[in-house]
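With chain A held as given, fit chains B and C onto it using these hints.
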Amino acid sequence: MLTQADNRYMTETGPGTPMGEMFRRFWFPAFMAHELPEADGAPKRVRLLGEDLVAFRQTDGQVGLVANACPHRGASMFFGRNEENGLRCVYHGWKFDLDGSCVDMPNEPAESNFKHKIRIQSYAARERGGVVWAYMGPPALMGELPELEWSFVPAENIYIGRRLQECNYLQCIDGGIDSSHVSFLHSSAASHRAGTTDAKDPMAVDKHPHFEIAETDYGLLIGARRITAEGKHYWRMHQFMAPFFQMIPAAVGGPIAGHVWVPIDDNSTWAWSMTWDPEKPLTAERRASLESGAGIHARVDADNRPFANRDNDYLIDREAQRTTSYTGIFGIGEQDMAVQESMGSINNRTIEHLGSADTAIIFMRRRLLKLARELERGIEPLAAQRHELFRVRSLQLFLEPGEAWVEACQEPMIARSPYLPARA
Amino acid sequence: MLTQADNRYMTETGPGTPMGEMFRRFWFPAFMAHELPEADGAPKRVRLLGEDLVAFRQTDGQVGLVANACPHRGASMFFGRNEENGLRCVYHGWKFDLDGSCVDMPNEPAESNFKHKIRIQSYAARERGGVVWAYMGPPALMGELPELEWSFVPAENIYIGRRLQECNYLQCIDGGIDSSHVSFLHSSAASHRAGTTDAKDPMAVDKHPHFEIAETDYGLLIGARRITAEGKHYWRMHQFMAPFFQMIPAAVGGPIAGHVWVPIDDNSTWAWSMTWDPEKPLTAERRASLESGAGIHARVDADNRPFANRDNDYLIDREAQRTTSYTGIFGIGEQDMAVQESMGSINNRTIEHLGSADTAIIFMRRRLLKLARELERGIEPLAAQRHELFRVRSLQLFLEPGEAWVEACQEPMIARSPYLPARA
Amino acid sequence: MLTQADNRYMTETGPGTPMGEMFRRFWFPAFMAHELPEADGAPKRVRLLGEDLVAFRQTDGQVGLVANACPHRGASMFFGRNEENGLRCVYHGWKFDLDGSCVDMPNEPAESNFKHKIRIQSYAARERGGVVWAYMGPPALMGELPELEWSFVPAENIYIGRRLQECNYLQCIDGGIDSSHVSFLHSSAASHRAGTTDAKDPMAVDKHPHFEIAETDYGLLIGARRITAEGKHYWRMHQFMAPFFQMIPAAVGGPIAGHVWVPIDDNSTWAWSMTWDPEKPLTAERRASLESGAGIHARVDADNRPFANRDNDYLIDREAQRTTSYTGIFGIGEQDMAVQESMGSINNRTIEHLGSADTAIIFMRRRLLKLARELERGIEPLAAQRHELFRVRSLQLFLEPGEAWVEACQEPMIARSPYLPARA
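Chains as they are written, first to last, in the numbering used here: chain A, 32 to 455; chain B, 32 to 455; chain C, 32 to 455.
In isolation and in its complexed conformation, chain A is listed as follows:
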């Protein structure tokens, strides 16, 4: 449960809000690089953290990210001419480079000094791993991109999807690090029927995981322990990395999956999902499976809105719900969306009732609150400057009772992809 004040504090991310300012200290994914395919091609509308922006790929291939509104009289730069390393407003020909300088102002006399007084708001953009990343904070505090392993692997090793989620980002993180729901929301109907539960599936055998949380410099290491039919300890370990990155428990040696929850504004979120193999290409079978939509990668339309969405009740199939699937909704991504969006645009956390299964959520909220409150007092978020902290993996492990999970996962959680750059 949050107070109304804290719920508001946590869910507002626009310019000038404490949480929004903290988020602006970090680099985060804005859109896929292939969405701006050509130099001097059509600009693209981008909305991030409540700000309307326009992205363009300039003549030399670099991506610019500027305010939607021309500083002259507010016409949209989306209609602009993308030419000769700059974006030119079509209203009066004012041209801006990707640093936001006005480099041409042809409707004023050549001798005018006016153009040197004009800037458009611009933000840094960089490409890595097929993604255009944005940094919307103070230029003087700009760090490096987080060294997430997935952002270095070649394209054949990774599958990246992005879907529009029509609710606040915090509902996405609440759900994303919530290991407890997996035994329900993403389960089969059979796993809940007496006599039909698969004894080999620890998620079905133990539906009330025990949580333990380790605080880290980058965020949280979240351990959820289930007891298997044989009495072993099955640990699922999520990584939560400030401000809104995460990884889902992965088998040792297998592909890893993660999410990034980027606020479009306070009522909608870009839900990024990525599945990658740190060492080798994804197999054709794996890729086909990811494309099928059965897993975390929702099937989306050209605007990245899922085909199954709140307007069609996520295509819920009540007969399937009775017989085969716990929800009757197809796709892990769609199942998550259904419950998270059904809370409304901004969940009213003043009336929630958190139990022991919500321990990770409680820690994550405390961490975000702490980071935002510290920044209000002038303390910068550490991880924004320590890009090497993000060189971690998530994990699932079977341990003997009594074995220390944090210790056991230290070594296998180190990111060791051969594609990672050598450490400085």
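Source of the hints: derived by calculation from the structure; they are not laboratory data.
One or more of the hints may lead you astray.
The list treats identical chains as interchangeable, and a pair is accepted whether it falls inside one copy or across any two copies.
[To be verified] Cut-off 20 Å, straight-line C-alpha distance, at most; resulting in silico cross-link-like pairs (SDA-like, lysine to any residue):
{"#": "1", "residue 1": "K401", "residue 2": "E246"}
{"#": "2", "residue 1": "K146", "residue 2": "T381"}
{"#": "3", "residue 1": "K401", "residue 2": "Q35"}
{"#": "4", "residue 1": "K75", "residue 2": "R349"}
{"#": "5", "residue 1": "K146", "residue 2": "H223"}
{"#": "6", "residue 1": "K148", "residue 2": "E431"}
{"#": "7", "residue 1": "K75", "residue 2": "R341"}
{"#": "8", "residue 1": "K311", "residue 2": "H223"}
What follows is chains B and C alone, placed relative to chain A:
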């Protein structure tokens, strides 16, 4: 005319509003029983008095009515699993019975006491006359269902319709008890042309009825007197029953019609219409006529929205308006909707001008205001506990000048259907 | 740049706002006369300056303009019966004449005096030049229609269009009198390429016009000077006439074009465009050209919404933008709309940066502010009573350096159409 404060007081019905609290002392229709056909079938979204609810028919056939939001973290119970006499949230498997108790919480340890601290908001629901009725008030004050005659007759004796009306409930009652508009809104063009008026139709002969109101324990008995061509007194008597039930004048021995105006929220209303014969089945001809849409029963789509609605100007036919119909709009229900919705979501009653023909409206508003204000002072509405008060009928009668209408209608207005239960 | 207070002051035009009250001192176009073709035909909804109105053509052919809401209980007069020189509400038959008097109240007793106390808000409407004009100010201050030359010429001399613009009126005027944008927004791509600029086109040769403004009794005479390849002074002269009329520079002897920017409400505007020849019919070629949509007359649907609009990004063609057209948007009207609407419903003028090329805009805003502020102090706007002031034309002229432009344009700017009535 109402002050702005009174107009707001009367039109707000959400939780905690004085009018809304008074309404919550009464049972009222929520939806048709056949809309939840099967035990353990799909739940149904229901919005009443500004509250989002989910209805489900549980294994034993009883209907439950619970808050849309799961008390855990706010996911919608609409996606829930309806199984074994309870509704289970698909997010973490929390299960609730129709009393709102949490009867299973499988994501917490078996020994946890947490589930006993959790309740979902639930409301009582009962079935009678093919209708599911809801009671949204304090359980300790819950009375019996009102003994409306129509709710006891067998299905072959009654025709029930429900349409979405896109305005506040008060506009519906204002219009529903307004006998004066019948000579205009629901009339033929001919009835207003000199020389073509039917001398046998008292509604055409006398277009300015004289109103007399009798206060009753259940609400108001409204008499509207017209003078016939022969000088007789034609009385049309409406019943207004707290908080939003009514009956339309009926011929002695013929079918009776009524309405219930149930606020969905402050901007939309479920407009229920029912036509019933207290003693015998409706004839096939009568049923065909009711289904035709010419009368009070609007033709609606699968969501109960009329085909003729504000988006298509109620399919007004201007040529028909010039030649045959006063409005050019087909259907009495649609005619009422057209004018009532055209006032806007909430009519600005600070600029209205009520005349003598609006006498019933003035009395009805005073009554509702009185009931709500009394409740604010701790005086409970009498009729909420006196279900037998609703055993009345409406009436139309031809009397001689000087005959006392209230006395004349007492006997024929008593509900005497053989299907009514014996009085306690 | 405007302060937030001034931006609000200038953009609010509803009843009781200072700018709205000033606007209400003037006659302005409401809709085309042919939109109400028949006497006693269907009424028409009209929204002007934030007020919902209903227009009707009564039996004698005169146009009435009354409030949408019946003064009785607020039902819409749009559904009314238009009969025998009055509009009758279908709810209870109250009938109003075009002066707003209640001339029949058949649901009250014949002897009742109530009807004499009831009026509907009505506004004066007149027809001239194929247009129905409205006056929404105090009746005692009603002047004559402005003697705009175009409003007197026969139908074969003029082409009139009206398009819905989905933004505040002030963005329309800002753009309408902004001569500087013509060298960009409405230009060809070639005119900006080195070596391909047409030396005969002064708009391409000199893209940073010098502005001079002459204050007039009706508004502003705006001169924008460009230097031609031969060193001549090319003057383009706009007329801005209070409160929201304007003319576009026209060649001597050629057709003239103008606009009227009528607020529907604060978020949308009727953008009127007219092209007329003061003396002779438009040629078939000219008319075909105007109908093509290439010029200021946007192609619109039956509701006067342009086919190219903000929902489809004005059908921008990025390939055309690269190669032939500066914007890739077809049509001068659509180009203007694109940039003006892209500023949002109400442009945030607190962050704009006006240069010397925006001189006319600065003067226009000062004038409107002055007129509204004077009216707040009781000083009526002069032009509202001086209809003959509008007998002017716009102009473009080539002068020698040193020639005085204001003097040079006086004579050719006098409206001398043979269709103008003789001066009083």
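Hints, verified against the model:
Proximity of K401 to E246 under the C-alpha cut-off of 20 Å is restricted to the intra-copy arrangement: shortest distance 13 Å within a copy versus 60 Å between copies. Within a single copy, K146 and T381 get their C-alpha atoms only as close as 50 Å, which misses the 20 Å cut-off; across copies the closest is 19 Å, which meets it. For the identical chains of this complex, K401 and Q35 are intra-copy neighbours only, at 17 Å inside a copy versus 35 Å across copies, given an alpha-carbon limit of 20 Å. Proximity of K75 and R349 under a CA criterion of 20 Å is satisfied inter-copy only: 12 Å between copies versus 40 Å inside one chain copy.
For the homomeric pair K146 and H223, the shortest alpha-carbon distance between copies (19 Å) is at most 20 Å, but the shortest distance inside one copy (68 Å) is not. Neither within a single protomer nor between protomers do K148 and E431 lie at most 20 Å apart by alpha-carbon distance, with minima of 67 Å and 34 Å respectively. Taking the closest pair of Cα atoms, K75 and R341 come within 20 Å of each other only across two copies (15 Å); inside a single copy the shortest separation is 26 Å, beyond that limit. In this assembly of identical chains, the alpha carbons of K311 and H223 never lie at most 20 Å apart, being 37 Å within a copy and 51 Å across copies at closest.
The earlier numbered hints that this structure contradicts are 6, 8.
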